[in-house]
Amino acid sequence: AQSVTQLDSQVPVFEEAPVELRCNYSSSVSVYLFWYVQYPNQGLQLLLKYLSGSTLVKGINGFEAEFNKSQTSFHLRKPSVHISDTAEYFCAVRRGVETSGSRLTFGEGTQLTVNP
Amino acid sequence: NAGVTQTPKFQVLKTGQSMTLQCAQDMNHNSMYWYRQDPGMGLRLIYYSASEGTTDKGEVPNGYNVSRLNKREFSLRLESAAPSQTSVYFCASSKTGGASHEQYFGPGTRLTVT
Chain A
1 AQSVTQLDSQ VPVFEEAPVE LRCNYSSSVS VYLFWYVQYP NQGLQLLLKY
51 LSGSTLVKGI NGFEAEFNKS QTSFHLRKPS VHISDTAEYF CAVRRGVETS
101 GSRLTFGEGT QLTVNP
Chain B
1001 NAGVTQTPKF QVLKTGQSMT LQCAQDMNHN SMYWYRQDPG MGLRLIYYSA
1051 SEGTTDKGEV PNGYNVSRLN KREFSLRLES AAPSQTSVYF CASSKTGGAS
1101 HEQYFGPGTR LTVT
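Heads up: the protein sequence lines correspond to chains A and B, in order. According to this note's numbering, the first sequence is numbered sequentially starting from 1. According to this note's numbering, the second sequence is numbered sequentially starting from 1001.
Hints may be right or wrong, so weigh each one.
What the hints assert, rightly or not - Looking from chain A toward chain B, a few residues come up when the C-beta cut is under 10 Å (computed): (1) Gln6; (2) Phe14; (3) Ser28; (4) Tyr32; (5) Asn41; (6) Leu44; (7) Lys58; (8) Thr86; (9) Gly107.
Said to hold, decoys possible - Each pair of labels, with its calculated beta carbon distance range: (10) B:Gly1040 to A:Leu56: 25 to 35 Å; (11) B:Glu1059 to A:Glu66: 51 to 61 Å; (12) B:Thr1015 to A:Ile60: 37 to 47 Å; (13) A:Lys69 to B:Thr1112: 37 to 47 Å; (14) B:Asp1056 to A:Lys58: 47 to 57 Å; (15) A:Tyr39 to B:Pro1083: 25 to 35 Å; (16) B:Thr1114 to A:Ser70: 26 to 36 Å; (17) B:Asp1056 to A:Glu64: 46 to 56 Å; (18) B:Arg1077 to A:Pro116: 44 to 54 Å; (19) B:Gly1016 to A:Gln42: 23 to 33 Å.
Treat the hints as calculated values from the structure; they're not laboratory data. Using N, Cα and C, we set each Cβ at its ideal position, and we do this for glycine too.
Same shape as in the complex, but just chain A (with noise of 0.2 Å):
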């Protein structure tokens, strides 16, 4: 079975800094990774996602992640934010062999907050 650790439960920055938030996951296969965000109140939405190809993804809202399979870490980051960044962000697995649905292991979630 897969598992997935974030390892900052809080991370409190001032705007226009830079941010990064960790995550490793465990795997006895080969996997598909994903960062999602959830603004308060709101549901979960998909940040970006690595499948295979180029280590280093970009998503939506200027963030990008690297997946480093020897660390098996994927961790998110992003140059400069914004107070409307302010908002939980998830961290999760996908077996890349399962073919029934697209089950996912998420990580305990990482508050990120943005100060001015």
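With chain A's structure known, arrange chain B on it following the hints.
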């Protein structure tokens, strides 16, 4: 397209009461899912349905039942609610197979059991 819709948005139940959470999607997806979200625990899969007519248990199925009514609708039933089921419930849907694998989420149902 409305995407994934859920009803109700909020619900308060007394211990022992029953209720059904409704979910519908208009994206012609084969797969549908029910999650619960609790602080510090991320989202945990309760049940999923890979296709119409099939359902399978997820990580935390105890105390819940599901029905895949048709391709569009997937309901979650609490037969006898308990305070431990106080949570935010999310329904999601996705294609089956292919390269996308993205799940689309509804807005959630906030349930309180007293």
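Results of checking the hints against the structure:
no. : hint                              : result
1   : Gln6                              : 8 Å, holds
2   : Phe14                             : 25 Å, violated
3   : Ser28                             : 18 Å, violated
4   : Tyr32                             : 6 Å, holds
5   : Asn41                             : 8 Å, holds
6   : Leu44                             : 4 Å, holds
7   : Lys58                             : 16 Å, violated
8   : Thr86                             : 17 Å, violated
9   : Gly107                            : 5 Å, holds
10  : B:Gly1040 to A:Leu56: 25 to 35 Å  : 30 Å, holds
11  : B:Glu1059 to A:Glu66: 51 to 61 Å  : 28 Å, violated
12  : B:Thr1015 to A:Ile60: 37 to 47 Å  : 42 Å, holds
13  : A:Lys69 to B:Thr1112: 37 to 47 Å  : 43 Å, holds
14  : B:Asp1056 to A:Lys58: 47 to 57 Å  : 34 Å, violated
15  : A:Tyr39 to B:Pro1083: 25 to 35 Å  : 28 Å, holds
16  : B:Thr1114 to A:Ser70: 26 to 36 Å  : 50 Å, violated
17  : B:Asp1056 to A:Glu64: 46 to 56 Å  : 34 Å, violated
18  : B:Arg1077 to A:Pro116: 44 to 54 Å : 45 Å, holds
19  : B:Gly1016 to A:Gln42: 23 to 33 Å  : 31 Å, holds
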